[in-house]
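Protein chains: 2
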Amino acid sequence: MLLRLNHVALAVPDLMAASATYRATLGATVSEPRALGEHGVTVVFVELNNTKIELLEPLGDASPIAAFLAKNPKGGMHHLCYDVADIRAARDHLVAAGARVLGNGEPKIGAHGKPVLFLHPGDVHGTLTELEEV
Amino acid sequence: MLLRLNHVALAVPDLMAASATYRATLGATVSEPRALGEHGVTVVFVELNNTKIELLEPLGDASPIAAFLAKNPKGGMHHLCYDVADIRAARDHLVAAGARVLGNGEPKIGAHGKPVLFLHPGDVHGTLTELEEV
Numbered sequence: 001m002l003l004r005l006n007h008v009a010l011a012v013p014d015l016m017a018a019s020a021t022y023r024a025t026l027g028a029t030v031s032e033p034r035a036l037g038e039h040g041v042t043v044v045f046v047e048l049n050n051t052k053i054e055l056l057e058p059l060g061d062a063s064p065i066a067a068f069l070a071k072n073p074k075g076g077m078h079h080l081c082y083d084v085a086d087i088r089a090a091r092d093h094l095v096a097a098g099a100r101v102l103g104n105g106e107p108k109i110g111a112h113g114k115p116v117l118f119l120h121p122g123d124v125h126g127t128l129t130e131l132e133e134v
Numbered sequence: 001m002l003l004r005l006n007h008v009a010l011a012v013p014d015l016m017a018a019s020a021t022y023r024a025t026l027g028a029t030v031s032e033p034r035a036l037g038e039h040g041v042t043v044v045f046v047e048l049n050n051t052k053i054e055l056l057e058p059l060g061d062a063s064p065i066a067a068f069l070a071k072n073p074k075g076g077m078h079h080l081c082y083d084v085a086d087i088r089a090a091r092d093h094l095v096a097a098g099a100r101v102l103g104n105g106e107p108k109i110g111a112h113g114k115p116v117l118f119l120h121p122g123d124v125h126g127t128l129t130e131l132e133e134v
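Protein chains in written order, with full-length UniProt numbering: chain A, 1 to 134; chain B, 1 to 134.
Here chain A stands alone, though its shape is the one from the complex:
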């Protein structure tokens, strides 16, 4: 079911500082910041040869990463996202296996414009896990 690692998301308190670290200290190719108001984050993409890192900073009053940063004020690893071929088939398989899909159980359109869902981290050994339809 899991095809490839789509991205690793890192929550950071200061996106410009983190962007500078990845560009200057780590020598990576880093995008300009992009505000995703409907997702409550501003994102910078760190482009690697095989996948990407997404640096996320909270945007607005109800950001989905605000609670994480309150617990981890320096930032940290927030979630992993994997590509799947058919997200509804994946969802049905996961629910049948006893995993909990966050929200109402229906895939939503994610930050890349494709259907996504999130699995409860308690069902994936502590790692918040996103699936995205390719």
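What the hints contain is simulated information worked out from the structure, not anything from laboratory work. Just so you know, not all the hints are guaranteed correct.
[As the list claims (entries may be wrong)] From the structure, some residues in chain B lie toward chain A, with a derived Cβ separation under 10 Å:
#: 1; residue: Ala11
#: 2; residue: Val12
#: 3; residue: Asn50
#: 4; residue: His78
#: 5; residue: Ala99
#: 6; residue: Val116
[Unchecked claim] Derived CB-CB ranges, DEER-like:
#: 7; chain 1: A; residue 1: Asn49; chain 2: B; residue 2: Arg88; range: 41 to 51 Å
#: 8; chain 1: B; residue 1: Ala96; chain 2: A; residue 2: Asp92; range: 46 to 56 Å
#: 9; chain 1: B; residue 1: Arg100; chain 2: A; residue 2: Gly113; range: 38 to 48 Å
#: 10; chain 1: A; residue 1: Gly113; chain 2: B; residue 2: Pro64; range: 35 to 45 Å
#: 11; chain 1: A; residue 1: Gly37; chain 2: B; residue 2: Lys108; range: 25 to 35 Å
#: 12; chain 1: B; residue 1: Gly103; chain 2: A; residue 2: Ala67; range: 42 to 52 Å
#: 13; chain 1: A; residue 1: Lys71; chain 2: B; residue 2: Ala24; range: 25 to 35 Å
#: 14; chain 1: B; residue 1: Met16; chain 2: A; residue 2: Arg100; range: 32 to 42 Å
Cβ coordinates follow ideal geometry from the N, Cα and C atoms, glycine included.
Dock chain B against chain A, hints included.
Relative to chain A, chain B alone:
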């Protein structure tokens, strides 16, 4: 400097349970467990199309992931590892930029038999970051 994402390491309290989740629930290709006594972990590789996930369980009395699991008893995202072409050149660049290399500052032979070093997470916005020479 960063070439590709070599792996994402996830610490788990029960490697066989985590391995079963990735194989059966998430439908991934999962290796047999491998005990790495000198690194204080037993590892299972989750093979994706573009990179791999390493599931780590503590091994022995002085496992480097024991403190993490004490804080995160269900498990969680432990570190990211990136490939670099020349680890000593990378180290010199990082130190000049003010980043702290863990240990004595010299690369060590890592779990894949190649030179590695770890950067202090406080210098990488809360993410423990490993570099491995390809």
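Structure-based check of each hint:
no.: 1; hint: Ala11; verdict: 8 Å, holds
no.: 2; hint: Val12; verdict: 5 Å, holds
no.: 3; hint: Asn50; verdict: 4 Å, holds
no.: 4; hint: His78; verdict: 8 Å, holds
no.: 5; hint: Ala99; verdict: 6 Å, holds
no.: 6; hint: Val116; verdict: 15 Å, violated
no.: 7; hint: Asn49/A / Arg88/B: 41 to 51 Å; verdict: 21 Å, violated
no.: 8; hint: Ala96/B / Asp92/A: 46 to 56 Å; verdict: 53 Å, holds
no.: 9; hint: Arg100/B / Gly113/A: 38 to 48 Å; verdict: 39 Å, holds
no.: 10; hint: Gly113/A / Pro64/B: 35 to 45 Å; verdict: 40 Å, holds
no.: 11; hint: Gly37/A / Lys108/B: 25 to 35 Å; verdict: 45 Å, violated
no.: 12; hint: Gly103/B / Ala67/A: 42 to 52 Å; verdict: 33 Å, violated
no.: 13; hint: Lys71/A / Ala24/B: 25 to 35 Å; verdict: 31 Å, holds
no.: 14; hint: Met16/B / Arg100/A: 32 to 42 Å; verdict: 22 Å, violated
Hints 6, 7, 11, 12 and 14 from the earlier list are contradicted by this structure; the remaining hints agree with it.
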